[in-house]
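Visitor: So that you can map any letter, position 134 of the sequence shown is 134 in this note's numbering, and since no number is skipped, the others follow by simple counting.
Treat the hints with care, since some could be wrong.
[As the list claims (entries may be wrong)] Distance windows between CB atoms, simulated:
#1 Ile13 with Asp90: 35 to 41 Å
#2 Asn91 with Ile46: 43 to 49 Å
#3 Gly36 with Val128: 43 to 49 Å
#4 Leu27 with Leu74: 29 to 35 Å
#5 Pro64 with Lys34: 34 to 40 Å
#6 Asp65 with Tyr141: 18 to 24 Å
Think of the hints as simulated: they come from the structure by calculation, not from any bench.
Using N, Cα and C, we set each Cβ at its ideal position, and we do this for glycine too.
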Amino acid sequence: MLSNLSEDATYAIILIIVFSLVLITMLIYLWMKKSGKEIKRWFKIIMFFVLLTGVRHLNPLRWPDAAIRGMILLHTPIGMSGEDVARRVDNMPLWTWREPPRHVYFEPGRRSILASIGRYRMYFAVGVLVEARWRFDEDGYLFDVVIQRSVSL
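Could you build the full structure based on these sequences and the hints that come with them?
Guide: Here it is in structure tokens:
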């Protein structure tokens, strides 16, 4: 069944399942606590792992590249002029590091703008930097957004 769905649709289904498990687990926990039943250790362990899995997916940086790209395209749609894209990227508080530093200017003939979307930790030690690159055609209009990830220790 999942083989003919796109990667985004599959990921959305997985998120719905994970958040449903979190909700069900929390409701069972509250019911047990309200009724005065003893909460077993095994249930606490299961609840911890279900919540840990659910919280992990709340961070949009951990989403697939296509989902991040879609969010960015809401702010900077295809066909937007380079000057407008540079102004949006420069004014977006989420995008922390930019190339060139401080302010983003769009010069004629420039082919792309790079900005860091953010960082997150994977397995408590490995850092992942998520960047977006806006690519422009010869006329200076946006034609693509590419998401890049780099891993550091």
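Visitor: Taking the numbered hints from earlier one at a time, note which ones the structure violates and give those numbers from smallest to largest.
Guide: The structure conflicts with no hint, since it agrees with every one listed earlier.
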